[in-house]
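*Asks:* Below are the chains, spelled out letter by letter.
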Amino acid sequence: MTPDTTLGFDLALDLPQLAIRAAATVPGVGVTALFGASGSGKTTLLRMLAGLEPAGRGQIRLGGTCWQDDASGLRLPTHQRPLAFVFQEASLFAHLNVRDNLAYGLARARAAQVIRFDDAVGWLGIAHLLARRPAHLSGGERQRVAIARALLAQPRLLLMDEPLSAVDADGRDAILDTLEQLPARLGIPVVYVSHSIEEVARLADHLLLMSGGRIIADGPTNTILTRCDLPLAHGAHAGAVVHTTIRQHDPAHHLTTLAFTGGELTVGAVDRAVGSAVRVRIAARDIAIALNPPADSSVLNHLRAQVMEISDDPNPAHCLVRLEVGNVQLLARITHLSRERLGLAAGTAVWALVKGVAVR
Amino acid sequence: MLRRCRSLIAVALLATMPAAFAGELTVAVAANFARPVEVMAPVFTAATGHQLRISTGSTGKFYAQIQRGAPFDVFLSADEARPALLETEGRIVPGSRFVYSVGRLALWHATPGRTLTPDTLRADIAGRVAIANPKIAPYGAAAAAAIAHLGLTDALGPRLVHGENIAQTFQFVATGNAAFGFVAWSQVSENGAVVRGSAWLVPPDMHPPIRQSAVLLRHGADNPAAVAFMTFLKSDAARQIIRQHGYDVE
Amino acid sequence: MTPATSLLSPADVDAIWLTLKLAGTTTVLLLLLGTPLAWWLAHSRARWRGVINALVALPLILPPTVLGFYLLVAMGPDGPIGRFTAAAGLHALPFTFAGLVLGSLIYSLPFVVQPIRDAFIAIGPRPREVAATLGARPLDAFFSVILPLARPGFLTATVLGFAHTVGEFGVVLMIGGNIPQETRVVAIQIYDHVEALEYTQAHWLAGGMLLFSFVVLLALHLLNDRRAQA
Numbered sequence: 000m001t002p003d004t005t006l007g008f009d010l011a012l013d014l015p016q017l018a019i020r021a022a023a024t025v026p027g028v029g030v031t032a033l034f035g036a037s038g039s040g041k042t043t044l045l046r047m048l049a050g051l052e053p054a055g056r057g058q059i060r061l062g063g064t065c066w067q068d069d070a071s072g073l074r075l076p077t078h079q080r081p082l083a084f085v086f087q088e089a090s091l092f093a094h095l096n097v098r099d100n101l102a103y104g105l106a107r108a109r110a111a112q113v114i115r116f117d118d119a120v121g122w123l124g125i126a127h128l129l130a131r132r133p134a135h136l137s138g139g140e141r142q143r144v145a146i147a148r149a150l151l152a153q154p155r156l157l158l159m160d161e162p163l164s165a166v167d168a169d170g171r172d173a174i175l176d177t178l179e180q181l182p183a184r185l186g187i188p189v190v191y192v193s194h195s196i197e198e199v200a201r202l203a204d205h206l207l208l209m210s211g212g213r214i215i216a217d218g219p220t221n222t223i224l225t226r227c228d229l230p231l232a233h234g235a236h237a238g239a240v241v242h243t244t245i246r247q248h249d250p251a252h253h254l255t256t257l258a259f260t261g262g263e264l265t266v267g268a269v270d271r272a273v274g275s276a277v278r279v280r281i282a283a284r285d286i287a288i289a290l291n292p293p294a295d296s297s298v299l300n301h302l303r304a305q306v307m308e309i310s311d312d313p314n315p316a317h318c319l320v321r322l323e324v325g326n327v328q329l330l331a332r333i334t335h336l337s338r339e340r341l342g343l344a345a346g347t348a349v350w351a352l353v354k355g356v357a358v359r
Numbered sequence: 000m001l002r003r004c005r006s007l008i009a010v011a012l013l014a015t016m017p018a019a020f021a022g023e024l025t026v027a028v029a030a031n032f033a034r035p036v037e038v039m040a041p042v043f044t045a046a047t048g049h050q051l052r053i054s055t056g057s058t059g060k061f062y063a064q065i066q067r068g069a070p071f072d073v074f075l076s077a078d079e080a081r082p083a084l085l086e087t088e089g090r091i092v093p094g095s096r097f098v099y100s101v102g103r104l105a106l107w108h109a110t111p112g113r114t115l116t117p118d119t120l121r122a123d124i125a126g127r128v129a130i131a132n133p134k135i136a137p138y139g140a141a142a143a144a145a146i147a148h149l150g151l152t153d154a155l156g157p158r159l160v161h162g163e164n165i166a167q168t169f170q171f172v173a174t175g176n177a178a179f180g181f182v183a184w185s186q187v188s189e190n191g192a193v194v195r196g197s198a199w200l201v202p203p204d205m206h207p208p209i210r211q212s213a214v215l216l217r218h219g220a221d222n223p224a225a226v227a228f229m230t231f232l233k234s235d236a237a238r239q240i241i242r243q244h245g246y247d248v249e
Numbered sequence: 000m001t002p003a004t005s006l007l008s009p010a011d012v013d014a015i016w017l018t019l020k021l022a023g024t025t026t027v028l029l030l031l032l033g034t035p036l037a038w039w040l041a042h043s044r045a046r047w048r049g050v051i052n053a054l055v056a057l058p059l060i061l062p063p064t065v066l067g068f069y070l071l072v073a074m075g076p077d078g079p080i081g082r083f084t085a086a087a088g089l090h091a092l093p094f095t096f097a098g099l100v101l102g103s104l105i106y107s108l109p110f111v112v113q114p115i116r117d118a119f120i121a122i123g124p125r126p127r128e129v130a131a132t133l134g135a136r137p138l139d140a141f142f143s144v145i146l147p148l149a150r151p152g153f154l155t156a157t158v159l160g161f162a163h164t165v166g167e168f169g170v171v172l173m174i175g176g177n178i179p180q181e182t183r184v185v186a187i188q189i190y191d192h193v194e195a196l197e198y199t200q201a202h203w204l205a206g207g208m209l210l211f212s213f214v215v216l217l218a219l220h221l222l223n224d225r226r227a228q229a
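Taken in order, these protein sequences are the chains called A, B and C. Numbering follows numbering that gives the first Met the number 0, in which position 173 of the first sequence is assigned residue number 172; successive positions increment by one, without gaps. Numbering follows numbering that gives the first Met the number 0, in which position 207 of the second sequence is assigned residue number 206; successive positions increment by one, without gaps. Numbering follows numbering that gives the first Met the number 0, in which position 106 of the third sequence is assigned residue number 105; successive positions increment by one, without gaps.
Any given hint could be a false lead.
As the list claims (entries may be wrong) - Here are the simulated DSS-like pairs of lysine-lysine, each with C-alpha atoms no more than 30 Å apart in a straight line: (1) K60/B - K134/B; (2) K60/B - K20/C; (3) K233/B - K60/B; (4) K134/B - K20/C.
No lab work stands behind these hints, which were simulated from the structure alone.
Isolated chain A, as found in the complex (with noise of 0.2 Å):
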């Protein structure tokens, strides 16, 4: 049997302008998103978990062990947490060279050593950075180093804040590369602090709805983002996450097949084994509904869909579908005339078109 790795909290902390308010269970594997506004709390409350705010007050346990619990007066210092910290910005000390940085959370880990450090190097890919000092690397270089470092404290708990903020676009997606291979290699709860939709669909399997300094969703990442009562099905961005195989490549037409509970999906080529497990996104604005499967039509994925609910849109030509594929949820933005035009309610068997879809 696996031990208890479960995260849970209950934590208070008032600021001059935001309380917080904050209590959830983390799962003991994976990453969790913390997701939210600025200004929501996100970043506070990450640090009340890591005993950074000295007037935080409340409860933290992580499987087994309590870290705090101010009724009983038990609150353990930072630098007794097993925990690691990935700030947003570069954090790496200047006197020190990558390797001696890298070391020195190696050096004082406070739980026995299970990431080796040449296994750490290897993952984020900086061995040709070891004897460089920080100021002679990029923005992506040092987060690498970051993390390295943050994973060689032999981390239970990995508590990361928007990470990726500082780094430019191509450095950001090849850590995101990095950090989607490391839940697997952790077993440890990753608590993830994002503003970024994109970041989250990729990586986070649970999500933290966090606004005004509560917690007020709380669940699988694509369940939190297709529920039409929350904000997130209504931004600009929504849209929905879908765990998927790959079935097979298609080399001729340079495509590969994803399959998953509700079907198949045939997408641009993804350098990947067959079997491998691939995330994709579905954008609401990539999806459009028919009552029939389109005989003659330039959209590859047609798949049996049924309409869960029906809500509006903040454009007021425009509504949100949920739609259940198999038992996993869509969303689709269609035009309130579309809605009528095809006679939709909650309970109609349609199909949904889906005409693009992010692999990355």
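Chain A is already provided as a structure; the job is to place chains B and C on it using the hints.
*Replies:* Okay, now just chains B and C, sitting in the frame of chain A:
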């Protein structure tokens, strides 16, 4: 209106008249003699109409400044040596140098009501004894000579601390950091009586006289006010003020 | 007669040696005592932090002779320091090397504390937080992270503290008593030379001091420049 303006101008002119005829001089005074000069100033002005500007400081610094052309008219030194040097260097009006006062040395203790004698230093062997630096201050040289005359040079040697000038020496004793000090009689007496702490006036035959010379500097050669002040210094009025402040005159 | 002895008398050499000893002792003590004070000034949110900041800066504007006079009074038999030393069975402080060290500590305090304080402020809280999340206890973090990062500040503090103590005159004048090998430092020796019209000796000592100060400040700039480039 015009008439009123005219009369105002007339009043203004009248007010500036004495200043236009009366002169002004700047006198550089060794710090120890600052107080008597301040007392003399109004007397001098009343007698001659001239104004006195007083600059006080250490004799050594004044000497260096005068060498480099400082705009003083009269120099009241704390010693004889530096006025003599200035004369050799041709920086004074020839023949103007004279001894305007002779300082008196006192053994001093900050607490009033004690009878001090040379034996006090032999008997009371606790605490420091402050003297002015003999190398640079005439009162220090006099103190060292008096100590030698009393045969106490070896006994007091380890207890001596040096003030850079006679004011600082006084301070060492006044703050209690030194038990005794050889200070200027002028610092502790008024009209011949001790007014601060307890003191013993050291007989003048125990040390070389602390003669202080005054000179008319080249800068003041053509200044009637400066010439007048040199004359005033030798007057009975001035000599009386000097004596009241604890100095002898020759 | 060797050139060295013709230029500098044994008393001058004693004064130089004493000055270096005083400046060295003062600087080491100030770094030890000033660092915790600088830390507190950089991080405390106490309301009277402003008061302490002002007190630390006071020697910058107070005429040294005034400071020296108050020290003379405080160290005297009726002053608070004097009573303490007497009660503790210690030697009275005026006219002693220890007294000069105490005076220099106060006199040079801002020159050591302020650069270190500013370095701590410039570093900010982040490196400490990072170190804590990597498992470093506060003292460990201080020595392994903060101290190396604050190095330029400490360098400035050391050089300024040392150089400023070397140039100290007013305070020593007031509390020193001009005792050879105990309290007669170079600045006093130069003053005495000037007052005694020994201008040649004064020139040699003063010139030496000028050169020393220049070299020290030049070295400081070169070291900081080199660091900035590194």
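*Asks:* Hints first: check each against the structure and report whether it holds.
*Replies:* Consistency of the hints with the structure:
1. A C-alpha spacing of about 15 Å is found between K60/B and K134/B, which places the hinted pair at or below 30 Å, so the restraint holds.
2. Between K60/B and K20/C the CA atoms are separated by roughly 29 Å; this keeps the pair inside 30 Å, and the hint holds.
3. Note on K233/B and K60/B: the hinted pairing holds, with a Cα-Cα distance of about 25 Å set against a maximum of 30 Å.
4. Among the hinted pairs, K134/B with K20/C is consistent with the structure: their alpha-carbon atoms are about 25 Å apart, no more than 30 Å.
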